[in-house]
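There are 2 protein chains.
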Amino acid sequence: VKIARVGVIGDGGWGTAMALVAHQAGCRVTIWGAFPDYVAEQRRTRRNPRFLAGVTIPRPIGYTADLAEAAAGADLLISAVPTPFLRSVAQRLAAAHAGRTPICSLTKGIENVTLLRPSQILRQTLGRVPIAVLTGPSHAEEVARGIPTTVVVASRNRPLADAIQHALSGPTFRIYWGTDPVGAELGGALKNVIAVAAGICDGLGYGDNTKSALIARGLVELTMLGAAMGARRATFMGLAGLGDLVTTCISRHGRNRFVGEAIGRGKTLPQVLKSMKMVPEGVHTVKSVRDLSRRLKIDAPISMAVYRILYEGASPRAEVAGLMRRPLGRE
Amino acid sequence: VKIARVGVIGDGGWGTAMALVAHQAGCRVTIWGAFPDYVAEQRRTRRNPRFLAGVTIPRPIGYTADLAEAAAGADLLISAVPTPFLRSVAQRLAAAHAGRTPICSLTKGIENVTLLRPSQILRQTLGRVPIAVLTGPSHAEEVARGIPTTVVVASRNRPLADAIQHALSGPTFRIYWGTDPVGAELGGALKNVIAVAAGICDGLGYGDNTKSALIARGLVELTMLGAAMGARRATFMGLAGLGDLVTTCISRHGRNRFVGEAIGRGKTLPQVLKSMKMVPEGVHTVKSVRDLSRRLKIDAPISMAVYRILYEGASPRAEVAGLMRRPLGRE
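Here the protein sequences line up with chains A and B, keeping their order.
Numbering-wise, the first sequence is residues 1259 to 1589 according to our numbering.
Numbering-wise, the second sequence is residues 1259 to 1589 according to our numbering.
Some clues are possibly wrong.
Heads up, the list lumps identical chains together, so a pair's fine if it works in one copy or across two of them.
[As the list claims (entries may be wrong)] No farther apart than 25 Å at their CA atoms in a straight line, the calculated lysine to any residue pairs in the SDA-like style are these:
hint: 1; residue 1: Lys1260; residue 2: Arg1583
hint: 2; residue 1: Lys1260; residue 2: Leu1586
hint: 3; residue 1: Lys1535; residue 2: Ala1323
hint: 4; residue 1: Lys1260; residue 2: Gly1587
hint: 5; residue 1: Lys1260; residue 2: Met1582
hint: 6; residue 1: Lys1260; residue 2: Arg1588
hint: 7; residue 1: Lys1555; residue 2: Ala1492
hint: 8; residue 1: Lys1260; residue 2: Arg1584
hint: 9; residue 1: Lys1260; residue 2: Asp1333
hint: 10; residue 1: Lys1525; residue 2: Ala1576
hint: 11; residue 1: Lys1260; residue 2: Thr1437
hint: 12; residue 1: Lys1535; residue 2: Pro1294
FYI, nobody ran anything at the bench for these hints, they're computed from the structure.
Bound conformation, chain A alone:
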């Protein structure tokens, strides 16, 4: 696989940041967005004020609202569509583009009801295209500013992972490769729920000790869930698990953490979401985690506390106290 032309499906912050990465690595890049007016605005102003403020998009990066145009001639499609919209966009892509262009998926979620991972949704709708998953501690705002960042690209298709690694790596964007796309994808999805919990602790005025405990116990929780879903445990100890979990829990950029913080301060979920441009993935993912933890019979005390706080009106302070009161045990 030789990657020279890249189509980015999705003009959110992370899609745009990865378009910049691909451009800086020497690729010809076209970004597809769902809303023609906003696509035209970005093409004209070279800005993405809604999702990646303060960054200039270089001229050679193309924009289109036509999926067929974004896919035509591309050696790689980077899928950067939020989970709730992924199935419909993938169906439109399948209709617009008959080819077998490899896909690099950035989506971090688990579809509600079906409980499928993003790459499984892509597989269902697009058939047997080669798929890789790119994930890790990588806030779009920092990647776009050239802050040193490391990610992992995981695929069962080793030549594809290799090609992506070598085509997109640069002096401030370091790509490791891995062979556990299931774990990579689940790490990225499940950590968003723990990040909401981290925000709740921030909103309650708790400190770094509490947050670190939450991260350590949260990692145990997502490792157990992930292993039950077919991931390798070791994957969660790396960039896709621990690394991404840490950045999402500590960062001021994190939207999942932000939702939790506002709720920890006393707001309700609808009140918080009213002020946001999009619903953070963790708010959806926690529903899937609830269903998965029941189906797989895996104890997920932190995620379940987040579910009760977000959707059943449970008290944040009482839920944290409940976690602290669990029977004293072995680590």
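Fit chain B to the given chain A structure using the hints.
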């Protein structure tokens, strides 16, 4: 083992916070400090302004500058002496106190030259007393304020770990138990070096992506070093490794992180240390890590970069760039 009376050896921030924990859990507590004048000041003012500002020490907590007095009648000694002073204090304790009182060690370091862990130093000087190690993400400032905190107490002596867990746990201080004191102790020691690196990244103006990568790769580094020294790998995935690493790398309280930040901003080590009340453990520990990584032939790229920056005048920016430029590989 029944723990009703506790002697705390060391009047630093962490020793004082653990004295408060033991007091709140219903123990009779005496704190020993090395400097009689400062001990008298603390006894009189019920404050420890040098090491734990803003906290009131309740009246029932006793103070002494006499090791024999602190140890007399105690069911448990909590050792909270920094590594460079531990051997001499332990020798004085051995001379002052002939008993076999169990010890709970809080010290986080590796002795320079001998490359011994704190519990090994205690064993060498005190003989066959029962020893446990207490560690985890637990900034003294937050523990003293009642912020929810979790730690692990690890010992080969299960009844001792059990007794400490049940004697000192409370609604905001949750103690897990473990059976790998070597790993618990090494996690606490080695993470301080990674925390200096995290501070260096902060000083250079890097972001959360960089720090999370450093934490994830740093955990790999300390797991490999720890395993080569006889620790269990799993221990580093818990509170004593990951949990403590995260809090030390993100916290504004962290002195190791602070040293790194000042150096990342362009100061030299002697300039930074001049402004501090004590030398943070990581500044010593990195020397031991250098010797250990050579002796055990374990690659420790982050710790070695910290060593070169602290002691050989290497450029922080060049060292980070060097870490980013290592050959692209598997995670």
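Taking the hints in turn, this is what the structure says about them:
no., hint, verdict
1, Lys1260 to Arg1583, "between (55 Å within a copy, 22 Å between copies)"
2, Lys1260 to Leu1586, "between (55 Å within a copy, 17 Å between copies)"
3, Lys1535 to Ala1323, "within (20 Å within a copy, 61 Å between copies)"
4, Lys1260 to Gly1587, "between (52 Å within a copy, 19 Å between copies)"
5, Lys1260 to Met1582, "between (52 Å within a copy, 24 Å between copies)"
6, Lys1260 to Arg1588, "between (50 Å within a copy, 20 Å between copies)"
7, Lys1555 to Ala1492, "both (21 Å within a copy, 23 Å between copies)"
8, Lys1260 to Arg1584, "between (53 Å within a copy, 23 Å between copies)"
9, Lys1260 to Asp1333, "within (7 Å within a copy, 69 Å between copies)"
10, Lys1525 to Ala1576, "within (15 Å within a copy, 45 Å between copies)"
11, Lys1260 to Thr1437, "within (20 Å within a copy, 51 Å between copies)"
12, Lys1535 to Pro1294, "within (18 Å within a copy, 60 Å between copies)"
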